[in-house]
Every structure is written in structure tokens, then in C-alpha cells.
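If you read the sequences in order, they're chains H and B.
Each step along the first sequence adds one to the number in full-length UniProt numbering, with nothing skipped, and position 88 is 88.
Each step along the second sequence adds one to the number in full-length UniProt numbering, with nothing skipped, and position 104 is 104.
Just so you know, the hints here were simulated from the structure itself, not pulled from any lab data.
Keep in mind that a hint or two might mislead.
Listed next, the in silico DMTMM-like pairs over lysine to aspartate or glutamate satisfying Cα-Cα at most 20 Å (straight line) [unchecked claim]:
(1) H/K69 x H/D139
(2) B/K117 x H/D132
(3) B/K69 x B/E86
(4) B/K16 x B/E70
(5) H/K117 x H/D32
(6) B/K117 x H/D124
(7) H/K117 x B/E25
(8) B/K69 x B/E91
(9) H/K151 x H/D192
(10) H/K117 x H/D186
(11) B/K29 x B/E70
(12) B/K117 x H/D32
(13) H/K117 x B/D139
(14) H/K117 x B/D40
Chain H residues, not near chain B, derived (Cβ > 10 Å throughout) [claimed, not checked]:
(15) H44
(16) R166
(17) L170
Just so it is clear, CB atoms sit at the ideal spot from N, CA and C, and this is done for glycine as well.
2 protein chains.
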Amino acid sequence: MATDSRLPASAASPGKEPRTARGRETLRKLLDAAAKEFGDLGFHAASISGITRRAGTALGSFYTYFDSKEAIFSALVRDMSQAVAETVAAEVPPGSRGIAMESEALAAFLRFARTHKEIYRIIDEAEFADPDSYRAHYDGTARRIEARLDKAQDLGLVTPGDNEVRAWALMGANVFLGMRFGVWDDSRPVEDITAAVTALLEGGIARR
Amino acid sequence: MATDSRLPASAASPGKEPRTARGRETLRKLLDAAAKEFGDLGFHAASISGITRRAGTALGSFYTYFDSKEAIFSALVRDMSQAVAETVAAEVPPGSRGIAMESEALAAFLRFARTHKEIYRIIDEAEFADPDSYRAHYDGTARRIEARLDKAQDLGLVTPGDNEVRAWALMGANVFLGMRFGVWDDSRPVEDITAAVTALLEGGIARR
């Protein structure tokens with residue numbers, strides 16, 4: 001997922017947080033290897049030895065940071081959730097607001113999905129392997145969209161309305177567009193997808 | 001899922017289709033029991049003996065209709081996919097068109113999700129346990145929405161546009177609204193949810 005040593009808060013199991021830069025690097029390697037292992041095999045078939053083999057680390061170093069396969073899976077879901085949020089935030093041009101901002105966020109998400117196709121397999125499997133992390137991911141994402149819409153409403157860019165429902169609708173649209181036009185088939189230009197969604201958000205689809 | 005004896009096409013494993021009304025009833029019982037077993041336990045923990053126990057049938061009758069746990073899971077995903085489509089189609093008032101029709105379809109889907117909360121657990125797990133059925137479910141649903149939008153466009157109710165992208169966006173919105181306001185928390189009136197989506201589809205959210 002992330003290629004730097006950035007880690008989500010509480011990546012390791014409780015009491016096992018790395019204290020050195022080298023420890024953080026090893027933890028990062030284990031999370032990147034876990035993304036491949038869980039992405040390729042799914043939660044049930046994935047194994048700790050598969051993760052350490054991919055990471056090129058000793059089996060013992062896994063247990064330095066994690067208690068179990070469940071623990072690294074949860075850490076990975078939080079890691080991916082944070083990576084999507086940070087990537088989208090970083091790619092939205094500063095100063096973009098309202099619907100233009102939502103379009104930029106969708107474009108950034110579609111590009112992310114195209115280059116990290118394992119994300120759906122992992123986040124979606126959390127619904128079963130780690131329901132709390134699954135829910136935290138979508139609750140958190142919806143809250144960020146809602147906050148952006150609230151701000152756009154305050155700025156007079158968006159009509160007053162139920163921004164919670166709007167946020168869940170928009171998030172669902174983005175997730176399914178990312179699956180269909182990002183992961184399953186990435187042959188259509190990102191701009192085609194964002195143009196249709198932008199027009200829908202701008203003026204709806206009713207003919208007047 | 002369905003409480004009548006209606007069955008999806010090719011519900012049983014190849015060569016095992018029931019030939020009598022009684023056989024169809026047993027098959028229906030097995031599918032209803034499978035919905036509970038997979039819904040409660042998930043694919044991996046679910047067992048054929050758990051399904052026949054819930055159905056009140058002998059273990060042998062399972063193999064009369066299905067080859068394996070995988071086979072009945074696939075049949076169940078097709079069954080649920082068909083049940084959602086038929087329920088929504090039956091609840092949309094005849095003659096409703098365009099955006100009004102999409103609102104009615106969302107309302108019907110939200111009511112369905114509230115009374116069949118196991119549907120997400122089962123359809124979503126198909127992404128892992130039976131990827132072909134998962135994809136067929138969403139491809140089929142998106143195509144139905146796209147066809148409705150094409151028709152609404154022909155009738156001059158909807159502006160010309162990319163109805164494939166619109167359909168995937170609308171389906172994603174519906175799926176996530178059903179999860180958030182149907183399965184996770186059903187305390188808000190269905191009308192609140194549909195009103196926000198109808199307004200969005202009608203005129204967008206941009207302030208002019």
C-alpha cells in the first residue's frame with residue numbers, strides 16, 4: 001500500500017509498537033506484504049508464514065509486532081483506510097471547494113483504485129473478518145464527505161439539505177464506480193466518469 | 001428469503017432440478033435455511049448439516065438437489081439477487097417513470113434491506129466465495145437501472161447523458177444507503193432518505 005514508512009496510529013498490537021526507525025520499517029514491510037498475501041489469497045487462506053516470506057523477515061519478527069493473523073489484518077484495514085484518505089486529500093488541489101472538490105476526490109479515488117486493485121478485496125473482506133474496522137472505515141469516510149458538504153453549504157456553494165444522506169449516497173457512488181471503472185475494467189478515461197458525476201451533482205438529471 | 005416456492009432458474013446443481021411440486025418445496029426450504037445458516041455463520045463456518053437441520057430435512061435430500069456447500073451458496077446468491085429485483089419491480093407503482101421511478105425503487109430496496117438484513121452478509125461474501133455470482137448480481141442490477149434511465153431519456157424525462165455511469169453511481173448510492181439506513185440503523189423514516197436522493201437526482205446540489 002504506502003511505500004514510505006508512514007504507519008497508522010496503533011499499527012502494531014497493544015504493547016508492541018516499534019520504538020526505532022528500523023522497527024517501523026519492518027512493520028511497514030510486514031503491512032505491505034500482508035496487503036499482497038490477503039489480496040492474493042483472502043483472509044482464510046492467508047498465513048503468517050506467507051506474510052513473513054513475502055516481507056523477507058523472520059517469523060519471529062512478526063510476533064514482535066503482531067499477536068495474530070487477525071491483528072495484522074485489522075492493522076492493514078486501518079492502514080489502507082488511512083492511505084486512501086491521505087492520497088485523496090493530497091491530490092485534491094488546494095482551494096478546490098464544493099462540487100469541484102467532490103469531483104477531484106472521485107478522480108483521485110479512481111486513480112487510487114486502478115493502482116491498488118487489492119483494496120476492495122481487503123476492505124470488503126473486513127465486513128466478515130473484522131466488522132468493527134469495516135464499519136469504522138465507511139463511517140469515517142462518510143463523515144469526511146459530510147464535513148466537506150457542510151463547509152460547502154456554509155460557503156453558499158451547495159444547497160441546504162441532508163448532508164449525511166448525501167454523503168452516504170456519494171460515497172456509495174464512488175465505491176461502486178471505483179469497483180466497476182477502476183478495478184474490474186479501467187479502459188475508460190477517469191474524466192468520463194467524473195464528468196457524469198459532476199453533472200449529476202451540479203444540476204441533477206431531470207429534464208426541465 | 002422468498003417464502004413461496006418460487007425458485008431462480010437453475011437453482012439446483014446441474015441434472016438435479018426437482019421434477020415435482022414437493023421437490024420444489026424441499027429445494028425452497030433448503031434455500032431459506034441456507035440464507036439463515038450463511039447469514040448467521042458466514043460461508044466458512046456454515047455447514048451442510050447445519051442447513052439441513054434448519055430446513056428439517058434429511059442430509060440425503062441436500063444431495064438430491066446440490067453437489068456441495070459451494071453449489072447451494074451460489075444458488076442462494078442467485079435466489080437473493082432475483083428476490084431483490086422482483087420485490088423492487090413489484091413495489092414500484094405501475095406507470096411511474098424517470099426519477100419518480102428511481103425514488104420508488106430506492107424506497108422498496110430500503111424496506112427490503114430492513115426486513116432481510118442478512119442480504120448484505122450473503123451478497124457481499126459472494127465477492128470471495130463466488131466472485132462470478134457477485135459480479136453477475138451487480139452487473140445485472142446496473143443494467144436494469146441503465147435500461148430504466150435510457151427509457152426515461154427517450155421519454156424526455158431525463159437529460160441525455162452517460163446512463164451507464166449514472167446507473168453504477170445510483171446503484172452504489174442505493175447499496176450504501178441500504179447498508180447505513182437499512183441494515184445498520186433503521187431508525188430514520190425511509191422517506192427522509194428517498195427525499196434527499198430524489199432532490200439530488202432532480203436538480204443536483206449546486207446552489208445557483
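Status of the hints after comparison with the structure:
With a C-alpha separation of about 24 Å, the suggested pairing of H/K69 with H/D139 is violated against the 20 Å cut-off. For the hint linking B/K117 to H/D132, the alpha-carbon distance of about 17 Å falls within 20 Å, and the restraint holds. Proposed proximity of B/K69 and B/E86 is contradicted: the alpha carbons are some 25 Å apart, above 20 Å. Restraint check for B/K16 and B/E70: the C-alpha separation of about 15 Å stays at or below 20 Å, so the hint holds.
A hinted pair counts as satisfied when its Cα atoms are at most 20 Å apart, and H/K117 with H/D32 qualifies at roughly 14 Å. As the CA atoms of B/K117 and H/D124 are separated by approximately 17 Å, the hinted pair is consistent with the 20 Å bound. Of the supplied pair hints, the one linking H/K117 and B/E25 is violated, its CA atoms being roughly 42 Å apart against a limit of 20 Å. Simply put, B/K69 and B/E91 have alpha-carbon atoms about 33 Å apart, too far for the 20 Å limit, and the pair is violated.
Only pairs whose Cα atoms come within 20 Å are accepted, and H/K151 paired with H/D192 is rejected, the gap being roughly 27 Å. Proposed proximity of H/K117 and H/D186 is supported: the alpha carbons are some 10 Å apart, at most 20 Å. Of the pairs offered as hints, the one joining B/K29 and B/E70 holds, with about 17 Å between alpha carbons and a cut-off of 20 Å not exceeded. Between B/K117 and H/D32 the CA atoms are separated by roughly 34 Å; this puts the pair beyond 20 Å, and the hint is violated.
Annotation: proposed proximity of H/K117 to B/D139 holds, straight-line Cα distance about 19 Å (limit 20 Å). For the given pair, H/K117 sits about 29 Å from B/D40 by alpha-carbon distance, which is inconsistent with the 20 Å threshold. With a closest Cβ-Cβ approach of about 6 Å to chain B, H/H44 is found to fall inside the 10 Å limit, against its non-interface label. The claim that H/R166 lies off the interface is violated: its Cβ sits roughly 6 Å from the closest Cβ of chain B, which falls inside the 10 Å cut-off.
The beta carbon of H/L170 sits about 7 Å from the closest Cβ of chain B, which is not more than 10 Å, so the claim that it is off the interface is violated.
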